[in-house]
Amino acid sequence: MNDTASAALPVRLVAVTRPPAPSALSNALVFGWRAILKFKHLPEQLFDLVMTPIMFTLLFTFVFGGALAGSTGAYLQFFLPGILVQTVSFNAVYSGMGLSADLGKGLFDRFRSLPIWSLAPFAGLMVGDVLRHLIAAAIILAIGLVLGYRPEAGVVGAVAAVALLIVIGFGFGWIFIVLGLLIRTPTTVMTLGFTLQFPLVFASNTMVDPATMPDWLRAFVEVNPISLMTTAIRGLMGGTATFHGITLALAAPAILTALLAPVTLWLYRKQ
Amino acid sequence: MNDLSRAAVLPAVEQSAALAVSARGLVKCFGEVRAVDGIDLDVARGMIFAILGPNGAGKTTLMRMLATLCSPDAGSATVMGHDLVTAPQEVRANIALTGQFASLDEDLTGRENLLLLARLWGFRGRAAAARADDLLAAFDLSDAAHRQVKAYSGGMRRRLDIGASLVVAPGVLFLDEPTTGLDPNARHGVWRMIRALAAAGVTILLTTQYLDEADQLAARIAVIDKGRKIAEGTSRELKAATGSGFFHVVLADPARLAEAARLMEARLSGPVQRSAEGAELSIMARTPKAANEALAALIAADIELAGFSMGSPSLEEVFFALTSASRECETIEEEAA
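Residue numbers (the working numbering), protein chains in the order written: chain B, -6 to 264; chain D, 3 to 339.
None of these hints come from the bench; they were simulated from the model.
Here the structure is a predicted model, which means the values were calculated and not measured.
Heads up, a few of these hints could be off.
The list that follows gives simulated cross-link-like pairs (lysine-lysine, PhoX-like), each with its CA atoms no further than 25 Å apart [unchecked claim]: (1) B:K33 - B:K98; (2) B:K263 - B:K98; (3) D:K228 - B:K263; (4) B:K33 - D:K152; (5) B:K98 - D:K152; (6) B:K98 - B:K31.
Computed footprint of chain B on chain D; a stretch qualifies when at least three of its residues, placed anywhere within it, have a C-beta under 8 Å from a C-beta of chain B [to be verified]: (7) 69 to 78; (8) 85 to 97; (9) 117 to 128; (10) 134 to 148; (11) 194 to 208.
We put the beta carbon where it would ideally sit given N, CA and C, even for glycine.
So that you can see chain D by itself, here it is in the shape it has in the complex (with noise of 0.2 Å):
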């Protein structure tokens, strides 16, 4: 695992009071899948983290057990302080969670489900009608107070399935996946009731496969593959790690990809990253000098460049060089095995 930023993590460890979330050696195991396979993970108060991975990477899984939805097989963990194992009833009272699909009942109306949540909180009567009121105000969710959930659109239903959330104000607030299957505005919107949640004091860990997501809202970053954390840190800190220079070109005729790749693997000795579409290729350059050195290669192949630039690396190109690393040292490990 890289840790990016011992330093800058210590203070927050040393009073592990102060921790909204402390996780050590975390395992989950599903029949032979190690889902969750030693994850330590350590969250400050009133932060907005974001664990960041792709699909079965074990973000959903590693959520749930810190949820106490699911218990964990090794490893330990606190939740404001309180034993997942030993004392769950306290983490509960703890926590909110917003699941990745709403966890709403469909069949009731918008403040029908704020009411039964606010009635199991122990609000009675007049007060949990008024917290129900106040809370479909907030989301905006008034007008659609007395229709059926399932008549509800998909941002909607995520205002609401955040809403139910803060019913009671929760010391962290897990989401998972906040922002899947919902269009671009209702994704700034969810974003929005995020940040002015952290910034009211409510610490926030979110599961994301999406690196602007995790880019634009989270203060740190844990990357997960394969239910391990390889690596943490800011964004910042994240992109600096991979290396800030990072050499992009696009190529006039994609026939030639593999023959550019080939090229510039050999003058730059990395892996090379090919964009999902287009004719584009990047690789870290640790300087401009090397990285005019590849350009000159291409050239002199007859290669013909639609464009190249050099710069810090997109969050995604982080990731694919995080999780290439891994999946290379697991090759080595295999091999050497």
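So that you can see chain B by itself, here it is in the shape it has in the complex (with noise of 0.2 Å):
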């Protein structure tokens, strides 16, 4: 720093006139314009949002279906709207290890000295979420058509699926986002989120059809939020679906986002 820069300019620079105050709205774009920023600044995270479904599609239709549906097509035809819930509910850890990385640096101090609407910083957290949820979902489905999976009900039953698993995957954000803000360790986010969902995906209908386990284990299947979305996803996506099933489906990710957005503002302002 010269010294004629510093002893001139800051006049000059707290001259500045201030514009008016911008609205929660833009407020809240800005932080999603900062999540779209992460994308180009982190690609090994792409990298991971990339890789992880096409592996997990590959290994487990080519691995398991033929054993477990006599042929992989047929595996394929169950489990791609499966892997599309286990891929959303796993993408959700994103933003809550953002989140805690952020808080453990500090930058969310100069976030809340700013005369800003008080949530938007979360709101732009959700914008990275959806912008993932909905990488994740186009190439699942990219490589599902690939390998010759056909969605009985066409583009428009796709879409639909497209759209519940949003509203899923924004239900799951909710869980990472209080677990960044009580954890100041961005991987211990992640290790005990896993640790929460990995019970709740594998027990549940993603991947094999719950007729062969063991009684108690098929009586918290049929319960498990999971496995209401994934028979959710597959009604849209096969044209099978009923509003019934769809008010199930949304009921874990409504009851979330009514339970753990209170607390998410009330953790933030406490900090």
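Starting from the two chains in their separate frames, assemble the complex, guided by the hints.
Structure representation (structure tokens):
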């Protein structure tokens, strides 16, 4: 820093006219823009995002498909809606990890000292989440189509399924946001989140028909929100969706949002 | 608390509208610990005010409360005339905070960080870009504008961090330990920047654990220890209150330090300060005559001196004198209880 710059410029810098206060929506969109910039600067996250669903889809279809459903094609038809739910639920971890990292570095202190809508940073996280879910869903659907998956309900069914997926992802997002607010190490957020999610995701109907499971497990699988979500996605893509089924799938995201959004705000203000 | 300059503060206190920060009895507890324990503070507009104290004294907590990041458990405060608790959003519109740890997004470039903040303040499109570029130029970061902040040096981060606090002209700029961890060059750069900002009319409230920083920059200094303000005044007032007659001796033989300290304490009836390293002792001597008697006692005891002097205490000595005085009071209180 040279003397002339630091001595002369502040007067001009400080003489800036303030723009009018922006709206809450404008604040939220700015944080959304930040989430998009993260994709640009952290390509390794994008790699994770792209590779994990490709790997799971291929592995399950070709390794287990024949044994579980008689043929890989038949299994893919059953499994693809399930892998969509599984991927979206796991991908919700990113915003919680990002939040934990931001809080650890004191970045949120600056945000919290600004006269902005206090939930705007979370709205930004949600924008990033939605983008991630769209990317992952597009990749899985593309691979599915290449391997021979055909949604009976066509494009409309697939679009409706993706819309429901985003709502599901939004619901799961709150779990990780709360963990991100509570835990200062991003990797702990991930491990703890996955520990909670693994039993839910595997003890469900995403990968296998629960008919062969023991009674006690089947009882759990039938009320497991992941199963309800998978059934609804299958219904939307297969053209057999019922209003009742979709309502059941939306129950968990609705409850999570109603419960954890106020908790998030409270934790955030309390920091 | 030693109120060293009531007369000097009074005019500012009378017209509280002219105060950038005015706090009364602020308290913040974390469990059993009273991190901030009843602090009053008046900061006039347009001045550099330093909060000086050791680690864990409560400086950062005090600053976080004034920046609306945590709410006080007791007491009240206004910042630029707005109440901290009832009008936090108005307070936020009038302040900027540069935290102890760079509050920047490391993954984004320097320019993107400034753009983000400019847009959050309501600048749109070209105006936001122009503001970001202006700040980058002012802080000598134009060349690094498109580099990710994680690749910045400590000094560059600090500059960007302070720049990020000037997206709009804040009424009060809070700087939490602005030069901790910087090399001397970067440190002087930040000092120049702070002075220039104050000259441009920005009120600056900074915390520091460096006495020379407070001495160099601040028009007024509040000394904080264990959550309490133990003294406040200009650097000169603080030194004068501790006593202008500070007597220093350097022993030739460090082994006799304890003995020399005992002798000096007996002669001058006050606490002796030992330097952290080297065989140096300092003590307040109210008159040269008293110092002379202490010196004579040392010589009579055959303690060889490498040097001695009499003069104003450094801010460091002031600080130790004040903090040890406050600790003694506590001991007495505890014993009485």
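Hint check results:
no., hint, verdict
1, B:K33 - B:K98, "holds (21 Å)"
2, B:K263 - B:K98, "holds (17 Å)"
3, D:K228 - B:K263, "holds (23 Å)"
4, B:K33 - D:K152, "holds (15 Å)"
5, B:K98 - D:K152, "holds (12 Å)"
6, B:K98 - B:K31, "holds (16 Å)"
7, 69 to 78, "holds (count 4)"
8, 85 to 97, "holds (count 5)"
9, 117 to 128, "holds (count 8)"
10, 134 to 148, "holds (count 6)"
11, 194 to 208, "holds (count 8)"
Every hint from the earlier list agrees with this structure, and none is contradicted.
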